[in-house]
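K.L.:
The lines below spell out each chain.
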Amino acid sequence: MDSNELNAPGYEIPAEIKGQIAITSLDRIYNWGRSASVWPMMFGLACCAIEMICAAASRYDLARFGMEIMRPSPRQSDLMIVSGTVTKKMMPTIVRLYNQMPEPKYVLAMGACASGGGPFKEGYNVVSGVDKFIPVDVYVPGCPPTPQALLNGLMKVQEKIRGESIKKSRWYQKGVDSAEIPIPLLGPDLIDPRKIGRIKNGEKA
Amino acid sequence: MAAPASNPTLDLTSRFPDWLITDTRPGYSGWLVDKSHLVEFATALRDEFGYDYLSSVTGVDYLPEGKMEVVYQVYRTTGGPGLMFKVQAPRTDPVEVPSLVAIYPGAELQEREAWDLLGIKFTGHPDLRRIFMWEGFAGFPLRKDWHEPYFEEDAKPFKNRWPAGKIEMSESQNIFEDNIAYPQGFRPEGMSFDPEKALYDSLRTYQTNEIGLDTDHIIVNLGPQHPSTHGVFRVAVVLDGETIVNLKPVMGYLHRNHEKIGERNTYIMNMPYTDRLDYLASMSNNFGYALAVEKLMNIKPPERADYIRIMMAEMTRISNHLFLIGSLLNDLGAYFTPMLYALEERELILDIFEAVAGSRMMCNFFRFGGVARDLPEGTLQKIKEIFFERLPRTIDEIDRFLSENEVIRSRGVGQGVLTPEDAIRFSITGPMLRASGIPYDIRRAEPYSLYDRFEFDVCTRKHGDIYDRLMVRFDEIRQSIRIIQQAAKQIPEGPIMSVKPMYQVRVPPGEAYGRVEGPKGELGFYLVSDGKPNPWRYHVRAPSFINLTAFGPMCIGLKVADVVGVLGSIDIVLGEVDR
Numbered sequence: 001m002d003s004n005e006l007n008a009p010g011y012e013i014p015a016e017i018k019g020q021i022a023i024t025s026l027d028r029i030y031n032w033g034r035s036a037s038v039w040p041m042m043f044g045l046a047c048c049a050i051e052m053i054c055a056a057a058s059r060y061d062l063a064r065f066g067m068e069i070m071r072p073s074p075r076q077s078d079l080m081i082v083s084g085t086v087t088k089k090m091m092p093t094i095v096r097l098y099n100q101m102p103e104p105k106y107v108l109a110m111g112a113c114a115s116g117g118g119p120f121k122e123g124y125n126v127v128s129g130v131d132k133f134i135p136v137d138v139y140v141p142g143c144p145p146t147p148q149a150l151l152n153g154l155m156k157v158q159e160k161i162r163g164e165s166i167k168k169s170r171w172y173q174k175g176v177d178s179a180e181i182p183i184p185l186l187g188p189d190l191i192d193p194r195k196i197g198r199i200k201n202g203e204k205a
Numbered sequence: 001m002a003a004p005a006s007n008p009t010l011d012l013t014s015r016f017p018d019w020l021i022t023d024t025r026p027g028y029s030g031w032l033v034d035k036s037h038l039v040e041f042a043t044a045l046r047d048e049f050g051y052d053y054l055s056s057v058t059g060v061d062y063l064p065e066g067k068m069e070v071v072y073q074v075y076r077t078t079g080g081p082g083l084m085f086k087v088q089a090p091r092t093d094p095v096e097v098p099s100l101v102a103i104y105p106g107a108e109l110q111e112r113e114a115w116d117l118l119g120i121k122f123t124g125h126p127d128l129r130r131i132f133m134w135e136g137f138a139g140f141p142l143r144k145d146w147h148e149p150y151f152e153e154d155a156k157p158f159k160n161r162w163p164a165g166k167i168e169m170s171e172s173q174n175i176f177e178d179n180i181a182y183p184q185g186f187r188p189e190g191m192s193f194d195p196e197k198a199l200y201d202s203l204r205t206y207q208t209n210e211i212g213l214d215t216d217h218i219i220v221n222l223g224p225q226h227p228s229t230h231g232v233f234r235v236a237v238v239l240d241g242e243t244i245v246n247l248k249p250v251m252g253y254l255h256r257n258h259e260k261i262g263e264r265n266t267y268i269m270n271m272p273y274t275d276r277l278d279y280l281a282s283m284s285n286n287f288g289y290a291l292a293v294e295k296l297m298n299i300k301p302p303e304r305a306d307y308i309r310i311m312m313a314e315m316t317r318i319s320n321h322l323f324l325i326g327s328l329l330n331d332l333g334a335y336f337t338p339m340l341y342a343l344e345e346r347e348l349i350l351d352i353f354e355a356v357a358g359s360r361m362m363c364n365f366f367r368f369g370g371v372a373r374d375l376p377e378g379t380l381q382k383i384k385e386i387f388f389e390r391l392p393r394t395i396d397e398i399d400r401f402l403s404e405n406e407v408i409r410s411r412g413v414g415q416g417v418l419t420p421e422d423a424i425r426f427s428i429t430g431p432m433l434r435a436s437g438i439p440y441d442i443r444r445a446e447p448y449s450l451y452d453r454f455e456f457d458v459c460t461r462k463h464g465d466i467y468d469r470l471m472v473r474f475d476e477i478r479q480s481i482r483i484i485q486q487a488a489k490q491i492p493e494g495p496i497m498s499v500k501p502m503y504q505v506r507v508p509p510g511e512a513y514g515r516v517e518g519p520k521g522e523l524g525f526y527l528v529s530d531g532k533p534n535p536w537r538y539h540v541r542a543p544s545f546i547n548l549t550a551f552g553p554m555c556i557g558l559k560v561a562d563v564v565g566v567l568g569s570i571d572i573v574l575g576e577v578d579r
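Chains as they are written, first to last, in the working numbering: chain Y, 1 to 205; chain B, 1 to 579.
Some hints could be false.
The calculated lysine-lysine pairs, modelled on DSBU-like cross-linking and capped at a C-alpha distance of 35 Å, are [claimed, not checked]:
no., chain 1, residue 1, chain 2, residue 2
1, B, K462, Y, K121
2, Y, K160, B, K166
3, Y, K195, B, K144
4, B, K166, Y, K121
5, B, K144, B, K384
Example chain Y residues on the side facing chain B (calculated, C-beta under 7 Å, incomplete) [what the hints assert, rightly or not]:
no., residue
6, G44
7, P72
8, T85
9, G116
10, F120
11, G175
12, P188
Note that these hints are calculated values from the structure, not bench results. Each residue gets a CB set at the ideal place from its N, CA and C atoms; glycine is no exception.
Bound-form chain Y, shown alone (with noise of 0.2 Å):
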């Protein structure tokens, strides 16, 4: 965001301080630093972490958009990037990851397998999306996409936290919040906890 942007209030400033103070909303300059200070969690699952960590290297370089500093720890970070197949024996960790990520956190599924299980959808250990467990924001294309496309995806997480208002959102509401996820289990398959009453009876939604 250059500064007219987030400098546009709408009132008039007087000449001789223009350029020396800002007149802007809380909102605005909190969403304008929260943009552009994003930390993704260095976690990579599949073929995509290649292209994520090009993304990150000297070519791409992902410290311009000011998102370079990756995070090994989940509580550390505010962007998850699934970026690779998940599988159901790895789903019960992303999903502890994404329940240990602070809040506000922020999702983008990258590439064809974590959007909806990819070309390996067919497979028996394979989990078709991500989002069949978490939410996701952003979703990019390809397999794998590259790093430009990578970085579409990351300025669209950025569009969307832009957007955000801090009154609105759900995790500054007062309350209990109740966000996490519950873990799923390994039994003969994949066993999603909100779905053990349909398993029992083994019927269609």
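On the provided structure of chain Y, position chain B as indicated by the hints.
P.N.:
For chain B alone, coordinates are given in the frame of chain Y:
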């Protein structure tokens, strides 16, 4: 695979006249060994005939004949063609075959894989647990009578994906609208088992020879989400203080069912899937698969295509090793700066891939009997610029900056040593084997394609520690540059396909094992064809998976911080380990 009779020193029938029979099924080769004599046979092969290196173990489910077969490939580390032998067992439950871990410890993980996916029980295996799927998963997925939840038809191409002109999602065919299925009568509330229990039980089986202080041992898990496991790999270690007393790799977090999907696909449909095995080296995966199918079809690519293939495979090797150098130094503490230098060079190679194949990583470039496209205009010039001018210089520069660095030397020299004897025993291949001092390179030992025309050295180092495994990669990059230089000079004009490009290739029945020297080691494809458009069995002998066999023994006695360095120097890619 040469016929066994062509090997003069090999007189197996007179050594075992009573029960050894030649595999005479049409298109098959090798020997059929009686189950009760398997251990005796393998011991003799290793000790009397010099077949000291077990390359691949896999199972095949011959459902119509009601039997399971275990297929072994053995080689001599002095070079030459290999030998294939098979054991058959009736398809009862469980299918039992004696384990060869005592003779060839390199079979350990592969036998576990065959148990996990095919349900072949190897009696005498020291640690027979499921490896890719979790303990408690219902069924053995690679058996031909096991169907996945999204099962539609036995073989592709499926009849109609758009009945009545409407797209039908796979979800709509499953009662839970998801990729899940449970055994009949399954009740989730009665479920009270721990999928991790078998792992922890097996971790506790170790012997200590500690004297004096009695200390508590603790179990620590690294991963599956850990920045230095290069993906979703998990290491479970038992620690005595900081020292490792036992270590088990845990994998399967990226098990994408290549083999099950591959057996539904037609032959050519598998080519893009091989890209996604070792996703840092897609071109050499294409190479191995194309070689195996070409062996079955009995065709050869034209010369120009072979040159293009070799150039691409060597570029893949360079880009893979560059990535390894960057990430290994990441692991050793030089955070991201060497990676930036290495990736800058790698991007140049990816540019060539993009120009040639249309994609940076997933090239899908090889076809049976040639390659998909000819080199576009100007690419050869670009290749010459990079590999004659730029890369030799930059590799030297990276080498100069890194290899004498004190931190790297102190963390690498003498750490994670793999002796040559152990390396052979554990079926280690590739740069890791050569770092231990064994000059075994398939490009020389059993030349494929046109590798016998090129001049290059088989790089070896002596000590087999982390530092040598890093340096052997630098050496290999230089040799690959040499090969590319020669190929770029010699490449002839001509066609790039020897057969008409076909949507569905005709593959005669039989079996073939095609192997190439991939960047990480021996990449083999074992294919069984029954004459139909899709393979009956499609098995990948993944080098980084089998190289992990030595990971535990190498780490025992080290400090926990060195695990990361040892793992980095093995050079695993999870897409290939888990498949």
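K.L.:
Each hint: holds or not?
P.N.:
Status of each hint after checking the structure:
{"no.": "1", "hint": "B/K462 <-> Y/K121", "result": "45 Å, violated"}
{"no.": "2", "hint": "Y/K160 <-> B/K166", "result": "33 Å, holds"}
{"no.": "3", "hint": "Y/K195 <-> B/K144", "result": "29 Å, holds"}
{"no.": "4", "hint": "B/K166 <-> Y/K121", "result": "19 Å, holds"}
{"no.": "5", "hint": "B/K144 <-> B/K384", "result": "49 Å, violated"}
{"no.": "6", "hint": "G44", "result": "6 Å, holds"}
{"no.": "7", "hint": "P72", "result": "4 Å, holds"}
{"no.": "8", "hint": "T85", "result": "5 Å, holds"}
{"no.": "9", "hint": "G116", "result": "9 Å, violated"}
{"no.": "10", "hint": "F120", "result": "4 Å, holds"}
{"no.": "11", "hint": "G175", "result": "31 Å, violated"}
{"no.": "12", "hint": "P188", "result": "4 Å, holds"}
Checked against the numbered hints given earlier, the structure breaks hints 1, 5, 9 and 11 and satisfies all the rest.
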